[in-house]
Structure formats: C-alpha cells, structure tokens
Amino acid sequence: MQGLELKLKERLQKLLDDGTVDCVIGWTKGEFIYDVTPAIFTKESGLDGFVYNSFCGANLSKYLVSQITSDKKFAVILKPCDTYSMNQLITEHRVNRENIYIIGVGCSGHIDIDKVKAQGVSGITNVIDNDNNIIINSIYGDSKIEKASVLLSKCQSCKGSELKISDEIIGEGIKTPTCDERFDGVKKLEAMTAEERFAFWKSELSKCIRCNACRNICPACTCRTCVFDNARSNVAAKANATEFEEKMFHIIRAFHVAGRCTDCGECSRVCPQSIPLHLLNRKFIKDINEFYGDYQAGEESNQRNPLVNFTESDIEATVISDKEGK
Amino acid sequence: MQEVKDFKPTIVAFCCNWCSYAGADLAGSSRLSYPADVKIIRVPCSGRVNPMFILKAFERGADGVIICGCHPGDCHYSTGNYYTRRRLALLYSMLDYMGIERGRTRVEWVSAAEGVKFSTVMNKFVEDIRALGECVKLGDIRCKD
Chain A
808 MQGLELKLKE RLQKLLDDGT VDCVIGWTKG EFIYDVTPAI FTKESGLDGF VYNSFCGANL
868 SKYLVSQITS DKKFAVILKP CDTYSMNQLI TEHRVNRENI YIIGVGCSGH IDIDKVKAQG
928 VSGITNVIDN DNNIIINSIY GDSKIEKASV LLSKCQSCKG SELKISDEII GEGIKTPTCD
988 ERFDGVKKLE AMTAEERFAF WKSELSKCIR CNACRNICPA CTCRTCVFDN ARSNVAAKAN
1048 ATEFEEKMFH IIRAFHVAGR CTDCGECSRV CPQSIPLHLL NRKFIKDINE FYGDYQAGEE
1108 SNQRNPLVNF TESDIEATVI SDKEGK
Chain B
17 MQEVKDFKPT IVAFCCNWCS YAGADLAGSS RLSYPADVKI IRVPCSGRVN PMFILKAFER
77 GADGVIICGC HPGDCHYSTG NYYTRRRLAL LYSMLDYMGI ERGRTRVEWV SAAEGVKFST
137 VMNKFVEDIR ALGECVKLGD IRCKD
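Chains A and B, in that order, give the protein sequences.
Position 278 of the first sequence, counting from 1, maps to 1085 under this note's numbering, and the rest follow consecutively.
Position 31 of the second sequence, counting from 1, maps to 47 under this note's numbering, and the rest follow consecutively.
Possibly wrong hints are sitting among the right ones.
[To be verified] List time: in silico DSS-like cross-link candidates among lysine-lysine, alpha-carbon distance up to 30 Å:
#1 153(B) with 1093(A)
#2 1009(A) with 1130(A)
#3 72(B) with 995(A)
#4 72(B) with 1045(A)
[Said to hold, decoys possible] Residues of chain A placed beyond 12 Å of chain B at every Cβ, according to the derived structure:
#5 821
#6 824
#7 826
#8 847
#9 873
#10 880
#11 899
#12 906
#13 924
#14 933
#15 954
#16 955
#17 963
#18 973
#19 979
#20 1078
[Claimed, not checked] Facing chain B, from chain A, some residues (calculated, C-beta under 10 Å):
#21 997
#22 999
#23 1007
#24 1041
#25 1051
#26 1118
#27 1121
Since the hints were derived computationally from the structure, they do not count as laboratory data.
Using N, Cα and C, we set each Cβ at its ideal position, and we do this for glycine too.
Can you build the whole structure from these sequences, using the hints too?
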C-alpha cells in the first residue's frame, strides 16, 4: 500500500506539471493515519499532505458533481466499486466526462477503524497493510490482525476487482474474499414475520438523527435541490418529529435512488448511528432483479434504468398485495 | 375508543381522470353502491401518484390506499400506467419489507366502462381494511383526532 501511494503521488505530480489536469481529487492526511479526508489538490497547492492508505474507503466520484460547471480538468482516484458510480453519473449527465481523468487503482479492501478499535487496539501510530493481514503499530506495541475481520462492511460484499471505467490503472487489485453474500441481510429480514421486521426497522430508524449524511455522501443523490431541502415540498429538512417521519425519510431516500443505486455502501459507512441503510437499497435492487431481470446500475454507461422502462408483461403490484405468508 | 364493529376505516383512492374516475362516475349513475369510507382523489394519470402521496395519506390517518388507473395499454398518455406499475410494485414490496401490512396498499385497473368492477373492488378493499383494523404502524400521532 505504501508503494502504491508513492506511485500515485509521482504520477499525479506529473499530470499536474504537464497540464493534463488542473486539480486532483484525492485524500489528505489527518491527525492520525486513519482519519484521512477527501481533498482537492491544485497545481498551486501541490500534493502536500496527499495520502493513499487502507483507510481511503470513501467514494470520490460524488465530489465531481459540484464541479460540472467548472472548466478545470480533474484527476480522480477511483477504486473498482467507485467506477460503477462514475458510470452512473456519466449516464445521468451529472459530470462532464471530458474534464475528468480517471485513475483506477487496484483495491484489496479497505479497513474500518471502528472494527480495529473494537478489537482492543488503541494508541495506533501506523498500520501496515499486507493484503491478508494488517500489522498495527501502537504506542503499546505491535499487533497483527486478520484483515478480513476489520474490513469495511461494504468491502465484505465486494463487487470484484474489475475497473468499469478508467483512463489509466495503477496497482493490481484482488477481489476481497467475501464474507457475506450480497443479499444475505435482506433475505434474513424477509424470512422474519411482519411484526419482527417492523420492530427491527423501528429500533434501527429511531436512531436516526436526520444529519442527512447518507444523502450528502450518496453518489446517486445529485438533485440540485433535494426534496428534503425544498421548503415547498412539505417534508423539508428538519429533525424527525415522529416515527412516521423516520420511516418516510428513509423510504423516500432509498426510493429516489432505486434503479440508480450501485450498492456502493457509502450510506451505511457514513451513518454516525450505524443504521444498516444499505439493507433498504439492497431490497430495491433485489426486487428489481427478481421482477425485471438482473440489473447492475453503473455496469456500463448509458444503460436504461428499469424504473424508467417497462414491458407489457411486467409483474402486477397486486401480486405483492395478495402475497401469502408472513 | 370505538368498538371494532363500529370501525370506520378511512380509505384514500387515487383515481385517474380518464378511466377510473369515469368508472366511479358510472358506478354512481348505475346506482351501484360502494362504501362512503372511500375518499376519491382525482389525478390526471395514475403515473402522477408520487410515492410520497401514499405515505402522506397514511400519515394523515388513512387506513388503506388504493390506486386505480387505466388498464395497461389503455393509458390516455400511452404509457403512464406502465411506469406506475413498476414504481408501485417496488414501493409496496418495500412497505411489506418494513413490516407494514401488505393488504393496506393496492393497485387496480378500472376502465371507464367498468362501474361494476369499481364497486366490487372498493367493497372488497374496504372489507379487507376493516379486517386489518386501524393503521397504527404508519401514521403521525399528531394527526389523530
């Protein structure tokens, strides 16, 4: 991972110097090795503080949306799963492809610092990623942890190491050994009774503080004025006052990205209350696959979203209303 | 608290202007009865029904929501109801996934000539909602009487 950072830095510096790009979207280091922040580097500022390590799990494609009116050229670092979001943004004309230089990086899974800390490690000074295990240097000594046990939950159902779109590729990637089947969580909930499901979502969604982090991070949520910010929509941003509003916010949030969600897992990653929001998005994905045939948003650009498409023989909604069982 | 036998559900029916609303009209002029619990909201097309409308109806105390439109292929705007069909299938499946009773939401296709069907559908739906009782899982307590 250290080698990859050097290679990236060298290449990016070259791209900035020869004028191929004006800005770079990458990560800047924080106080600790694990609190990296997405940042924009320019030619003037140079690549001071640029970092790429096992904690750079964020999907950077969303940062390009606000740059659509800019004439500047951007280099962006995308991991295989982020390239799906990029394809989706290109399909929806939310980014200007001509102004973007995509550097695809090989990925072997990123680490969730909370999971590391939960294993009782503190005072972390450095982390060395060896793909299968990680060595953690701390002020109390070194320890070795199996990487699979501290992966981000989005990496636990990895979509594979293939970059769907890129201008150049740096570093080799491996498909993260998946611990979870993608729809396991959804199937588990579906197997419950309606009362159990209701109790599950009530307890999860009641934790929501309406910080809107899930919406802000989502690469599919690109409306200029979100319905939840529109004062005339009657559901404008405010704290959830009742249980109804908790459910309404999350149903509508997931529904607005249905068919466009690439299942990048960012919503769950950023949720400060650890609500498993991807279970809502994955339910829509699972239903779309079952009802209208397999569809992966962002697999390639210019696909047609199943929700703006139809066939004459589609499943009737009454089938769901009349479904037998729990 | 009223007794269950007196339970009068509130049903919201979104009817498209071209088929189902005319179907309701025909039911009326043919002297076919359907329960007064059904509150009809006329929409230009069933495709106009935003998922938010359905959730908002439940918030404001609806016990059941039914969407009626032209039969697939007969939409006044050619294809509006095809999109509705996909959208609502997903929404209803999601509501079910969140533990809200499936029977509270429904889509039916009623043409302008189907006054009888309109009356049967509404009678059946109201009966189903009566059996399910008051909707307590989705609803804003501040909107209750």
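Consistency of the hints with the structure:
1. Annotation: proposed proximity of residue 153(B) to residue 1093(A) holds, straight-line Cα distance about 24 Å (limit 30 Å).
2. Restraint check for residue 1009(A) and residue 1130(A): satisfied, since their Cα atoms lie roughly 23 Å apart, inside the 30 Å limit.
3. With a C-alpha separation of about 29 Å, the suggested pair residue 72(B) and residue 995(A) falls inside the 30 Å cut-off, and the hint holds.
4. A distance of roughly 16 Å separates the Cα atoms of residue 72(B) and residue 1045(A); the hinted pair therefore holds under the 30 Å criterion.
5. Even its closest Cβ contact with chain B, about 47 Å, leaves residue 821(A) beyond 12 Å, as expected for a residue assigned away from the interface.
6. Residue placement check: residue 824(A) keeps its beta carbon more than 12 Å from all beta carbons of chain B (closest about 49 Å).
7. The claim that residue 826(A) lies off the interface holds: its Cβ sits roughly 46 Å from the closest Cβ of chain B, which is beyond the 12 Å cut-off.
8. Distance check on residue 847(A): its Cβ is at least 35 Å (rounded) from any Cβ of chain B, clearing the 12 Å threshold; non-interface status holds.
9. For residue 873(A), the shortest C-beta to C-beta distance to chain B comes to about 26 Å, beyond the 12 Å cut-off, and the non-interface label holds.
10. Look at residue 880(A): its CB is around 38 Å from the nearest CB on chain B, clear of 12 Å, so calling it non-interface holds up.
11. The claim that residue 899(A) is not at the interface with chain B holds, since no C-beta of that chain comes within 12 Å of its own (minimum 18 Å).
12. The Cβ of residue 906(A) lies farther than 12 Å from every Cβ of chain B, with a closest approach of about 33 Å, so its non-interface assignment holds.
13. The beta carbon of residue 924(A) is kept farther than 12 Å from every beta carbon of chain B, the shortest such distance being approximately 32 Å.
14. The claim that residue 933(A) lies off the interface holds: its Cβ sits roughly 43 Å from the closest Cβ of chain B, which is beyond the 12 Å cut-off.
15. The beta carbon of residue 954(A) is kept farther than 12 Å from every beta carbon of chain B, the shortest such distance being approximately 33 Å.
16. Distance check for residue 955(A) against chain B: the nearest CB is about 29 Å away, which clears 12 Å, and the non-interface claim stands.
17. No Cβ of chain B comes within 12 Å of the Cβ of residue 963(A); the nearest lies about 21 Å off, and the non-interface call holds.
18. Once the 12 Å rule is applied to beta carbons, residue 973(A) is consistent with being away from chain B; the minimum gap is 32 Å.
19. A cut-off of 12 Å between C-beta atoms confirms that residue 979(A) is not in contact with chain B; the least separation is 39 Å.
20. The Cβ of residue 1078(A) sits about 17 Å from the closest Cβ of chain B, beyond the 12 Å cut-off, so the non-interface label holds.
21. Interface restraint check for residue 997(A): the shortest CB-CB distance to chain B comes to about 7 Å, inside 10 Å, so the restraint holds.
22. Annotation: interface hint on residue 999(A) holds; nearest CB of chain B at approximately 8 Å, less than 10 Å.
23. Against a cut-off of 10 Å between C-beta atoms, the interface hint on residue 1007(A) holds, since the closest Cβ of chain B lies about 8 Å away.
24. At a threshold of 10 Å, the smallest CB-CB gap from residue 1041(A) to chain B is about 8 Å, leaving the interface hint in force.
25. The closest approach between the C-beta of residue 1051(A) and any C-beta of chain B is roughly 5 Å, which is under the 10 Å cut-off, so the hint is satisfied.
26. At a threshold of 10 Å, the smallest CB-CB gap from residue 1118(A) to chain B is about 8 Å, leaving the interface hint in force.
27. Interface restraint check for residue 1121(A): the shortest CB-CB distance to chain B comes to about 5 Å, inside 10 Å, so the restraint holds.
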